[in-house]
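Line by line, the protein sequences are chains A and B. In the working numbering, each residue's number is its place in the first sequence (first place is 1) plus 10. In the working numbering, each residue's number is its place in the second sequence (first place is 1) plus 49.
Take the hints with a grain of salt, since some may be wrong.
[Said to hold, decoys possible] Coverage of chain A stretches by chain B, computed from C-beta distances (three or more under 8 Å per stretch; other residues unrestricted):
#: 1; region: 128-137
#: 2; region: 299-308
[Stated by the list, open to error] Okay, derived cross-link-like pairs now, DSBU-like style, lysine-lysine, Cα gap no bigger than 30 Å in a straight line:
#: 3; chain 1: B; residue 1: K394; chain 2: B; residue 2: K410
#: 4; chain 1: B; residue 1: K355; chain 2: A; residue 2: K148
#: 5; chain 1: B; residue 1: K396; chain 2: A; residue 2: K215
#: 6; chain 1: A; residue 1: K125; chain 2: B; residue 2: K390
#: 7; chain 1: B; residue 1: K264; chain 2: A; residue 2: K125
#: 8; chain 1: B; residue 1: K390; chain 2: A; residue 2: K215
#: 9; chain 1: B; residue 1: K394; chain 2: A; residue 2: K215
[Claimed, not checked] If you only want the chain A side, here are some residues facing chain B, beta carbon under 10 Å, derived:
#: 10; residue: G124
#: 11; residue: K125
#: 12; residue: I268
#: 13; residue: A313
#: 14; residue: N317
#: 15; residue: L319
Source of the hints: derived by calculation from the structure; they are not laboratory data. Note that CB positions come from ideal geometry on N, CA and C, so glycine has one too.
These are the residues of each chain, in order.
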Amino acid sequence: MRELIKKREFTLLLLIAVMLMLIVTQAPSFVSPENILRIINDTSILIMVSIGQFMVILTGGIDLSLASIIGFSGMAASMLNQYFPDLPVILILFAGMGIGTFLGLINGVLIAFGKVPPIITTLGTMSIFRGFTFVMSKGQWVTAHEMTESYMNIPHGSFLGLSNLIWAGVIVSLVMYYFMKYVRTGREIYAIGGNKVAALFVGVKENKINIIVYSLVGLLSGLAGVMWTARYAAAVNETAIGFELFTVAACVLGGVSIAGGSGTVVGVILGALFLGILTNALPVVHLSPFYQLGLQGVVILGAMIINTLSEKRNEKKLLNRRLQ
Amino acid sequence: MIMDRKKSEGSKSIVDKSRLVDESGLNSRIVSFVTKWEFILVVLLLLEIVVFSNLTPHFLNTFNLLNTTFTFSEKAILALPMIFIILSGDIDISVAGIMALSSFAMGYASSQGAGTGVLVLIGLCVGVIAGLFNGLLVTGLNMPAIAVTLASMTLFRGISQAILEDQAYTEYPEKFGYFGQGYIGDSMVPFELVLFLVLAVIMGFVLHKTTYGRKLYAIGNSSSAANFSGISVNKVRLTNFVLNGLFAGIAAVLLTSRIGSTRPNIATGFELEVITLVVLGGVSITGGKGNIFGVVLAIFLLGYLKFGMGLLNISAKVMIITTGALLIIAVLIPGFMDSTKARNKLKRQQNLETTEKNLNKGIDE
Numbered sequence: 011m012r013e014l015i016k017k018r019e020f021t022l023l024l025l026i027a028v029m030l031m032l033i034v035t036q037a038p039s040f041v042s043p044e045n046i047l048r049i050i051n052d053t054s055i056l057i058m059v060s061i062g063q064f065m066v067i068l069t070g071g072i073d074l075s076l077a078s079i080i081g082f083s084g085m086a087a088s089m090l091n092q093y094f095p096d097l098p099v100i101l102i103l104f105a106g107m108g109i110g111t112f113l114g115l116i117n118g119v120l121i122a123f124g125k126v127p128p129i130i131t132t133l134g135t136m137s138i139f140r141g142f143t144f145v146m147s148k149g150q151w152v153t154a155h156e157m158t159e160s161y162m163n164i165p166h167g168s169f170l171g172l173s174n175l176i177w178a179g180v181i182v183s184l185v186m187y188y189f190m191k192y193v194r195t196g197r198e199i200y201a202i203g204g205n206k207v208a209a210l211f212v213g214v215k216e217n218k219i220n221i222i223v224y225s226l227v228g229l230l231s232g233l234a235g236v237m238w239t240a241r242y243a244a245a246v247n248e249t250a251i252g253f254e255l256f257t258v259a260a261c262v263l264g265g266v267s268i269a270g271g272s273g274t275v276v277g278v279i280l281g282a283l284f285l286g287i288l289t290n291a292l293p294v295v296h297l298s299p300f301y302q303l304g305l306q307g308v309v310i311l312g313a314m315i316i317n318t319l320s321e322k323r324n325e326k327k328l329l330n331r332r333l334q
Numbered sequence: 050m051i052m053d054r055k056k057s058e059g060s061k062s063i064v065d066k067s068r069l070v071d072e073s074g075l076n077s078r079i080v081s082f083v084t085k086w087e088f089i090l091v092v093l094l095l096l097e098i099v100v101f102s103n104l105t106p107h108f109l110n111t112f113n114l115l116n117t118t119f120t121f122s123e124k125a126i127l128a129l130p131m132i133f134i135i136l137s138g139d140i141d142i143s144v145a146g147i148m149a150l151s152s153f154a155m156g157y158a159s160s161q162g163a164g165t166g167v168l169v170l171i172g173l174c175v176g177v178i179a180g181l182f183n184g185l186l187v188t189g190l191n192m193p194a195i196a197v198t199l200a201s202m203t204l205f206r207g208i209s210q211a212i213l214e215d216q217a218y219t220e221y222p223e224k225f226g227y228f229g230q231g232y233i234g235d236s237m238v239p240f241e242l243v244l245f246l247v248l249a250v251i252m253g254f255v256l257h258k259t260t261y262g263r264k265l266y267a268i269g270n271s272s273s274a275a276n277f278s279g280i281s282v283n284k285v286r287l288t289n290f291v292l293n294g295l296f297a298g299i300a301a302v303l304l305t306s307r308i309g310s311t312r313p314n315i316a317t318g319f320e321l322e323v324i325t326l327v328v329l330g331g332v333s334i335t336g337g338k339g340n341i342f343g344v345v346l347a348i349f350l351l352g353y354l355k356f357g358m359g360l361l362n363i364s365a366k367v368m369i370i371t372t373g374a375l376l377i378i379a380v381l382i383p384g385f386m387d388s389t390k391a392r393n394k395l396k397r398q399q400n401l402e403t404t405e406k407n408l409n410k411g412i413d414e
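So that you can see chain A by itself, here it is in the shape it has in the complex (with noise of 0.2 Å):
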């Protein structure tokens, strides 16, 4: 019990929880089953993404690139859509995380085997894989009336109840929560971002982790393409512009050191849920919608403050305890 209430997860579960008891003062019907799910299904997108970011942070790397993925993939699938209506949705969904997944490649290749540090990697083709969607598109948007409805219906479908964006999500957390807790590259990738050296002594191949996850993120950001393309039936050539620093402070909030080698993906979900509440919960509360840049800014550096004490104080009473 004792340990569970030191962790992380646990702190971030109350502060949700605060949080939504305040919103429910204001809004009762904010917390109803429906609203919930709401809140999810618009989180969706943010979680799946956000959890590529955390293993790119966990090497102790940043992605900035995956909105730019997120906007070229997203233009690739709906324009397959528009010019090949009769093409199996399924085959267009494959696509679009196919061609995520190959510019994820790039940048993978380019910090393994280029050695270009992955700040300045990601933010060149940031650049790059937005103009290229320029390029592409020619400027031109996809709307709604160019898509098929089956397309448009890859998240607004539902199963059991619940939409396939949600289901996305779920499985993409579910996946990932046992690949980073179970698998060997999993765990790999957190030895790498603890200790690099001593990763590399112990046979972890560097090259090869930075590969997979850059790749990795790559195709969960290309999945995101399709789903927010369709979701909101449109593609224009700036979707997803600054979703990247959303991903950030989402692992941010959810406890991943942005030094690398430490974090989880049940942290980051519940950073990116923590946003998504936040955001869901200002229009419902009369707050100007304005107001969400700053608040967020100021939840985000909150969060970190304490963090930072909080870790501090941790390692003061390891000290002492050691002392004695």
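The hints should help you fit chain B onto chain A, whose structure is shown.
Leaving out everything else, chain B in the frame of chain A:
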């Protein structure tokens, strides 16, 4: 020969002389000069001028060349303190957020009837305070700069967005317009450009001729080693962040004055362009390596590249792709050259060792 050998063995604890490679020859000097990143930047800049002036008659036009600096002077000014920050191993992605906050404060003050002098003062003060805020969080609580400035970026821009909503401040005193739109006297030289050059000289002096500058390199190479050698690392880093805030304030004054209005989305995306400029200028993102000449060259290279491509009617999207590609290449090529150089050196060392061994063998026999 035997004496030499003994001598070198005697001093082996300091340096193994048999592994020293003579690099003072003209040939190796030329190679190391030509492969310098600043030299490559100069060549690229000259190449750019030659190519564009052949493609369009409007490129080599004094008025055009001077006037187009308006488009990149603010970013150029932001790049100067960013060199300090990145050199010492930090990063600041909140500069555009600081500009938004500072511009908002000036707009508010102006709507209350403040004069030009007061406006500038307010703009600079807000910048300094925001920089101090970042710096204290980074050094006081020992949090990573990228996380802190990511959060403060949303906070700073969020404040101006929360209050300004979808409105804009557009009323500024007439004199205030000089900073961003004015020219020096009757000449064609923009005030912004001159201000940038003056600041670049000052920052270059601080970086390359003062102890403060040397401290930056020391911290960037190994902050704990710097700490042990008596440098108050956190004080230097805090100063960097305050400087960065001040320069963001200056840039906010210039940009607000140039476009004559303040919206919450002012200067969006500047932070990444500024980091691109600094890295393209040869400053290592991991800190400890780089100089101000490279960055100034990179500023003009990129600025005139955009101008030239614009003259040729090349779409903005191609420019975005070019910038991104340049950024990656700017790190990829020097890294590749360094590893080739290191490999060559190793080969020569091994050759030296084998010839020496053969020589010794001959003497022994």
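Comparing the hints with the structure gives:
For the region 128-137 of chain A, the proposed coverage by chain B is satisfied: 8 residues have a C-beta within less than 8 Å of a C-beta in that chain, meeting the threshold of three. With a cut-off of 8 Å between beta carbons, the region 299-308 of chain A has 9 residues touching chain B; three or more are needed, and the interface restraint holds. A C-alpha spacing of about 24 Å is found between K394 of chain B and K410 of chain B, which places the hinted pair at or below 30 Å, so the restraint holds. Annotation: proposed proximity of K355 of chain B to K148 of chain A holds, straight-line Cα distance about 20 Å (limit 30 Å).
Straight-line distance between C-alpha atoms of K396 of chain B and K215 of chain A comes to about 27 Å, which keeps the hinted pair within the 30 Å bound. Distance hint between K125 of chain A and K390 of chain B is fulfilled; the C-alpha atoms sit about 16 Å from each other, no more than 30 Å. For the proposed pair K264 of chain B and K125 of chain A, the alpha carbon gap of about 27 Å is at most 30 Å, so the pair holds. Between the alpha carbons of K390 of chain B and K215 of chain A the distance comes to roughly 25 Å, so the proposed pair stays at or under 30 Å and holds.
For the suggested pair K394 of chain B and K215 of chain A, the alpha carbons sit about 27 Å apart, so the restraint of at most 30 Å is met. Proximity of G124 of chain A to chain B holds as hinted, the smallest CB-CB distance being about 5 Å (cut-off 10 Å). Because the closest C-beta pair between K125 of chain A and chain B is about 5 Å apart, less than 10 Å, the hint holds. For I268 of chain A, the suggested interface contact is upheld, since its CB lies about 4 Å from the closest CB of chain B, less than 10 Å.
A distance limit of 10 Å between C-beta atoms decides the matter here; for A313 of chain A the minimum to chain B is near 9 Å, and the interface restraint holds. Given hint, N317 of chain A at the interface with chain B, holds; its Cβ is 9 Å from that chain's nearest Cβ, closer than 10 Å. Interface hint at L319 of chain A: satisfied, since its Cβ lies 7 Å from the closest Cβ of chain B, which is below the 10 Å cut-off.
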